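J.: Sequence:
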Amino acid sequence: MTRHLRVIPVSGAGAPTPLELMALVREALTAQGDAVMPIEAATGPALGREVPRRVAVVIETSGSTDAPKRVMLSTDALLASAAASADALGGPGQWLLALPTHYVAGLQVLVRSISAQTTPVVLPHGHVEPQDFAVYAETMTEPLRYVSLVPVQLARLLEAAPGDPRVLAVLRRFTAILVGGQAIRPEIMTRAADLGLRVVRTYGSSETSGGCVYNGIPIGNTRVRVVDGQLELSGAVLAEGYLDEPARTAERFIDVHGVRWYSTGDLGEVDRVSGEVRVLGRADNVIISGGVKVSLDAIEAIVRTLPGLMDAVVLSAEDPEWGQVPVVVSAGAPTADPLPSIAHAVAAALGRPARPARFTIVPTIPLLASGKPDRRALAAWLAEHGTPA
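Here the sequence shown is numbered in the numbering used here, starting from 169 and rising by one per residue.
In case anyone wonders, no lab produced these hints; they're calculated from the structure.
Do not rely on the hints blindly, as some may be mistaken.
Label pairs and their in silico Cβ distance ranges [stated by the list, open to error]: (1) G182 with N383: 17 to 27 Å; (2) G384 with D244: 17 to 27 Å; (3) M169 with R428: 37 to 47 Å; (4) P184 with P220: 22 to 32 Å; (5) E552 with P220: 26 to 36 Å; (6) I529 with G458: 44 to 54 Å; (7) E489 with R391: 22 to 32 Å; (8) H425 with T170: 25 to 35 Å; (9) A516 with P184: 48 to 58 Å; (10) P475 with T309: 40 to 50 Å; (11) M169 with P330: 49 to 59 Å; (12) P475 with H425: 21 to 31 Å; (13) P531 with D487: 22 to 32 Å.
These figures come from a predicted structure and were not determined experimentally.
Glycine is no exception: its CB is placed at the ideal position from the N, C-alpha and C atoms.
Whenever a hint applies, use it, and build me the whole structure from the sequences.
T.: Structural data, given as structure tokens:
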């Protein structure tokens, strides 16, 4: 059995408000309405698609490193995710919506609110200015209060909190502040802990209905294993697959002895004693430089610990001698050439083959609405303008 898929632009003229979209999602979850696909105004498939009856929502991935995918999420998976989150955090509560609703983290704020029978407070445009954040957070009325952020949003709030008692007070009032979507710098977690905030690191994707690992520990009935160095996930939160892409679905969702696993494409490890999951980077973000495998994610983590480079991005570039080399991209001109110090720090931590060969400055680091760096846009910029030798 199938049902109609309604594509809903969330920006532009006639777009529903987040609370209006929440009503449509509620109908989809109860099978009383069409399945819904929230999108930005300029993208999305043609109208008139049909999806399996159990599918409630289709989420289009950001496509920060490859072509976007359209992930089909069932009612059971979305509600299982919401229930697991509530159990892990201390109970259902009220949410502050600070993320776009066409990404899974923003959508899940709506689903969790539906499950908890609470009304979320909506931050206009999902933009986090600390003072505005405080004003809206102060209107929350439920005893348990939550917000889901990306690292850049949390960093902005942490910068303001020490000098603004009002911002600090509302941050401390949250039962939990979920942060995910990309790697979180250790100093951000340290600063949050020093301020007395309960920050929960989340790991997951659209294919897992959002975060399914909190602070390294799987929630609900999620299971994690490592196959050939890559993380695979199973549990009730898994998506049905990709819209109109049976081959890609079969490649990423694998049945093993009756258990369905999702191959994340992330390198990682699981502690044998504690079960803690550690994500090491993307398997497709590894280059071969001089015959040696080099993880650009691992290099980026080191580079971002250096002064003035906390938002740097590491990409690859073709090189006639080495084949591929890491390139550090940053916005803003440093006072001195940082490449020697970058090369020294990376070589000390990861070995000489991982040393970035070049450093280049761009006008700005483009971001997706999810807060992730738009690596495809950066790569296109480098291809057009070149990098210094």
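J.: Indicate, hint by hint, whether the structure satisfies it.
T.: To see whether the hints hold, each was checked on the structure:
1. Between G182 and N383 the C-beta distance comes to about 41 Å, which lies outside the given range of 17 to 27 Å.
2. For G384 and D244, the Cβ-Cβ distance of about 26 Å falls inside the hinted range of 17 to 27 Å, so the restraint holds.
3. A beta carbon spacing of about 21 Å between M169 and R428 contradicts the range 37 to 47 Å that was offered as a hint.
4. The hint said 22 to 32 Å for the Cβ distance between P184 and P220, and at roughly 24 Å that hint holds.
5. A hinted range of 26 to 36 Å is violated for the C-beta pair E552 and P220, which are about 42 Å apart.
6. About 26 Å separates the C-beta atoms of I529 and G458, a value inconsistent with the hinted range of 44 to 54 Å.
7. At about 44 Å, the CB distance of E489 to R391 disagrees with the hint of 22 to 32 Å.
8. Under the hint 25 to 35 Å, the C-beta atoms of H425 and T170, about 30 Å apart, fit the expected range.
9. Our hint of 48 to 58 Å for A516 and P184 holds, since their Cβ atoms are close to 52 Å apart.
10. Range check, P475 to T309: about 43 Å between beta-carbon atoms, so the 40 to 50 Å window is met.
11. One distance hint, 49 to 59 Å for the beta-carbon pair M169 and P330, holds here, with the actual separation near 56 Å.
12. The hinted range of 21 to 31 Å is not satisfied by P475 and H425, whose Cβ atoms lie roughly 51 Å apart.
13. Between P531 and D487 the Cβ separation comes to about 24 Å, which falls inside the hinted range of 22 to 32 Å.
The structure is inconsistent with the numbered hints 1, 3, 5, 6, 7 and 12, although it conforms to all the rest.
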